[in-house]
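Colleague: Next come the chains, spelled out residue by residue.
Number of protein chains: 2
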Amino acid sequence: MTREKLRIGMFGYGCVGQGLHDVLNSSRGFRADIVRICVKDRNKKRRIPMSNFTFDKNDILNDPSINLVVELIDDADEAFNIVTTAMKKGKNVVTANKVMVAKHFRELVELQAKHKVSLLYEASAGASIPIIRNLEEYYDNELLYSLRGILNGTTNYILTKMYNEGKAYDIALKEAQDLGFAESDPTLDVDGWDAKYKLCIITGHAYGLFLNPDEVFHYGIRKISTFDIQHAKEKGFKIKLVPFVGKTNDNTISGFVLPRFISSDKYLFNVDNEYNGVITEAAFADKQFFSGKGAGGHATGSAVLSDISANSYGYRYEYKKYQQGTVTNYTRDYGIEIYLRYSSEKDRKLFALKDVSEYFSSKLYKYVIGVVNLETLYSLREQLSSMDVFIVNTGRKVSPQTP
Amino acid sequence: MTREKLRIGMFGYGCVGQGLHDVLNSSRGFRADIVRICVKDRNKKRRIPMSNFTFDKNDILNDPSINLVVELIDDADEAFNIVTTAMKKGKNVVTANKVMVAKHFRELVELQAKHKVSLLYEASAGASIPIIRNLEEYYDNELLYSLRGILNGTTNYILTKMYNEGKAYDIALKEAQDLGFAESDPTLDVDGWDAKYKLCIITGHAYGLFLNPDEVFHYGIRKISTFDIQHAKEKGFKIKLVPFVGKTNDNTISGFVLPRFISSDKYLFNVDNEYNGVITEAAFADKQFFSGKGAGGHATGSAVLSDISANSYGYRYEYKKYQQGTVTNYTRDYGIEIYLRYSSEKDRKLFALKDVSEYFSSKLYKYVIGVVNLETLYSLREQLSSMDVFIVNTGRKVSPQTP
Numbered sequence: 000m001t002r003e004k005l006r007i008g009m010f011g012y013g014c015v016g017q018g019l020h021d022v023l024n025s026s027r028g029f030r031a032d033i034v035r036i037c038v039k040d041r042n043k044k045r046r047i048p049m050s051n052f053t054f055d056k057n058d059i060l061n062d063p064s065i066n067l068v069v070e071l072i073d074d075a076d077e078a079f080n081i082v083t084t085a086m087k088k089g090k091n092v093v094t095a096n097k098v099m100v101a102k103h104f105r106e107l108v109e110l111q112a113k114h115k116v117s118l119l120y121e122a123s124a125g126a127s128i129p130i131i132r133n134l135e136e137y138y139d140n141e142l143l144y145s146l147r148g149i150l151n152g153t154t155n156y157i158l159t160k161m162y163n164e165g166k167a168y169d170i171a172l173k174e175a176q177d178l179g180f181a182e183s184d185p186t187l188d189v190d191g192w193d194a195k196y197k198l199c200i201i202t203g204h205a206y207g208l209f210l211n212p213d214e215v216f217h218y219g220i221r222k223i224s225t226f227d228i229q230h231a232k233e234k235g236f237k238i239k240l241v242p243f244v245g246k247t248n249d250n251t252i253s254g255f256v257l258p259r260f261i262s263s264d265k266y267l268f269n270v271d272n273e274y275n276g277v278i279t280e281a282a283f284a285d286k287q288f289f290s291g292k293g294a295g296g297h298a299t300g301s302a303v304l305s306d307i308s309a310n311s312y313g314y315r316y317e318y319k320k321y322q323q324g325t326v327t328n329y330t331r332d333y334g335i336e337i338y339l340r341y342s343s344e345k346d347r348k349l350f351a352l353k354d355v356s357e358y359f360s361s362k363l364y365k366y367v368i369g370v371v372n373l374e375t376l377y378s379l380r381e382q383l384s385s386m387d388v389f390i391v392n393t394g395r396k397v398s399p400q401t402p
Numbered sequence: 000m001t002r003e004k005l006r007i008g009m010f011g012y013g014c015v016g017q018g019l020h021d022v023l024n025s026s027r028g029f030r031a032d033i034v035r036i037c038v039k040d041r042n043k044k045r046r047i048p049m050s051n052f053t054f055d056k057n058d059i060l061n062d063p064s065i066n067l068v069v070e071l072i073d074d075a076d077e078a079f080n081i082v083t084t085a086m087k088k089g090k091n092v093v094t095a096n097k098v099m100v101a102k103h104f105r106e107l108v109e110l111q112a113k114h115k116v117s118l119l120y121e122a123s124a125g126a127s128i129p130i131i132r133n134l135e136e137y138y139d140n141e142l143l144y145s146l147r148g149i150l151n152g153t154t155n156y157i158l159t160k161m162y163n164e165g166k167a168y169d170i171a172l173k174e175a176q177d178l179g180f181a182e183s184d185p186t187l188d189v190d191g192w193d194a195k196y197k198l199c200i201i202t203g204h205a206y207g208l209f210l211n212p213d214e215v216f217h218y219g220i221r222k223i224s225t226f227d228i229q230h231a232k233e234k235g236f237k238i239k240l241v242p243f244v245g246k247t248n249d250n251t252i253s254g255f256v257l258p259r260f261i262s263s264d265k266y267l268f269n270v271d272n273e274y275n276g277v278i279t280e281a282a283f284a285d286k287q288f289f290s291g292k293g294a295g296g297h298a299t300g301s302a303v304l305s306d307i308s309a310n311s312y313g314y315r316y317e318y319k320k321y322q323q324g325t326v327t328n329y330t331r332d333y334g335i336e337i338y339l340r341y342s343s344e345k346d347r348k349l350f351a352l353k354d355v356s357e358y359f360s361s362k363l364y365k366y367v368i369g370v371v372n373l374e375t376l377y378s379l380r381e382q383l384s385s386m387d388v389f390i391v392n393t394g395r396k397v398s399p400q401t402p
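Those sequence lines, one after another, are chains S and W.
The first sequence maps to residues 0 to 402 in numbering that gives the first Met the number 0.
The second sequence maps to residues 0 to 402 in numbering that gives the first Met the number 0.
Do not rely on the hints blindly, as some may be mistaken.
Because identical chains cannot be distinguished in the list, a pair is counted as satisfied if it fits within a single copy or across any two copies.
To be verified - Straight line, CA to CA, 25 Å or less: simulated DSS-like cross-link-like pairs of lysine-lysine:
1. LYS115 / LYS102
2. LYS286 / LYS160
3. LYS396 / LYS353
4. LYS396 / LYS345
5. LYS265 / LYS173
6. LYS319 / LYS113
7. LYS319 / LYS4
8. LYS286 / LYS39
9. LYS56 / LYS102
In case anyone wonders, no lab produced these hints; they're calculated from the structure.
Remember, predicted model here, so these are calculated numbers, not experimental data.
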């Protein structure tokens, strides 16, 4: 295969952009030039000459000599403008923007086909773990039962600090912010949005279904208390934020984001700090596990670098599972066994728990373990933030609803 | 990308072949027919009609309608005949034969280029773990410091049984044989040959160097004793058979196969029984870990299936690191800290250990921990099987020789 010489226009020059710039300019045998970098802030001091930069996106988008746009900015709406304009002008694009990809997934897939361009976004789903590429290329004909994992480095860092060092949630969050793992507004991470967007992107390649993120239930770690950590420790579990997607029958999947108890014999138990890990279960390959760094500029940069290289070889996602069209439905009629820590019996009733197997009450806190229907959780999604509750998926299989 | 309709000629009908046959004939959206299966034994009872079979390889090799040969036989020499003949006739090939690929690596790479055909062999290196594809496609521009892992399911099963259940080596080996994880002649597995062939194949894609297996030192687990297991347990280690390859400088690598102590905080500690696991360390992606089943028909079958599917999309290995040509040398001038259990001081002297950090002597056994040069180990390779010794890599970095 001949390798195309890349002339790159880059948007954003944060830590990923700077790292990439270093690597691309020093890498032997990699035929890529960064022609121009578009940034927003005219006053920020840059470590390379200002002649490398522009403040006008059209300097890149209208430059016919630029054949690849690398989009690394925070603003999802502006990223969508840039990416779609570039594609319409026949340029290939590499992006790390999970919010943008998840929210406009189907449209972005259609634009690729229409304008015969390639959009790659490995860094948007598992940071350094090559999960999209493996789903697309390696599990393309595997009967995939389920996929779950730790996809958010920030919450995993916070949970690790709380568990290992007994730190309170606020302190651990502050530490993550100081280290640059968490944004000043941590909502996207700690409430599970980030994990959900990644889950939606992964689902597109695992099952060929482009989910509307609004239809997928997510729940984060904001309401976790020392009682919950204490309970987990007593039972030998850690608590991790674990997005899940899996088949409920031949043509239907379910999926959600919930904290989950993880016992010490499980792969995810040792995925700590800012690391991510993904477990796939499939008919032929059985259980497989991938792990790597899930936050930080270099981890994201490694995936972006890999996408740029793939682009130079003409690679594009084939959306093989979507082409096969086997899975056609997403359902929330799905039973999940949860641990519900709560204070008001009125709140507890809202969950309509079935098959209650444990109940505990003390002056400090109460919890119950039982099966909730995902549809019920979804219907409560607006109220959950104002309730004094915390929810953890026990991870135990529920029959007959969970396969 | 258009997908080619595959007409497959298969060699061998063991457990992998039978499983594949099931999957290919039942999979939706997979355009592949198994036209004919060539087997050796005319008298073995088959579970499908005899009209599917032939005993003459030319019925496949000379059939112009067959565009893919899937080679799943044991005999490496006969496999080489079949595979090279098929390639010369313009047919693409998928194989799981690690001995054949490792022994004829460079020739097979050249034949692919000469006859413009594709040879895929993911199943030959890590069973179900897609390590070759990831090295080729995902780490193609990464500065890879090292790769190590558990690549042999048989020895891992034996070591797990010895460690967890206190079984003697002979008993554990017998169990592995009864379960079909080990051949009646276990030499290939227990003496480290299998791990070495896999390491050589992986090195071709990780660093672009086609090593002559005869030049690479390997050592297995045949001489392990309960003393060694006892010692490891006291120190909190497990013993695993771990092939290693890594950079010693910009253009040079070293590599070998040795048992290794693994502490409980390491990924490989929990890779037990027939599972395999691979750890890569790279500049940008940092440490990554892949794990999956390493023995059994289905694990191997999943990799073969993936190669067949990739073939239908026109995929071929680009040998990107070989094209880049950065790494040009393999060296055995490399210091490794080892645990040497021995009985005769004369034997010990042969290892010329430096920097001895521990020495232990009792009536039952003696051991010493010190640094051996890989060249010295290699020069002793013929004698090791007749010495009363066992060698384990401590895994501690040795400076300045190990980076």
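Colleague: Now look at each hint and say whether the structure bears it out.
Modeller: Results of checking the hints against the structure:
1. LYS115 / LYS102: within (21 Å within a copy, 42 Å between copies)
2. LYS286 / LYS160: Classified as between; 21 Å across copies, 28 Å inside a copy.
3. LYS396 / LYS353: Within one copy only: 14 Å inside a chain, 55 Å across chains, cut-off 25 Å.
4. LYS396 / LYS345: neither (27 Å within a copy, 59 Å between copies)
5. LYS265 / LYS173: neither (29 Å within a copy, 28 Å between copies)
6. LYS319 / LYS113: within (17 Å within a copy, 30 Å between copies)
7. LYS319 / LYS4: Between copies, since 15 Å is at most 25 Å while 27 Å is not.
8. LYS286 / LYS39: Classified as neither; 45 Å inside a copy, 33 Å across copies.
9. LYS56 / LYS102: within (22 Å within a copy, 54 Å between copies)
Of the numbered hints stated above, those contradicted by the structure are hints 4, 5 and 8, listed in ascending order.
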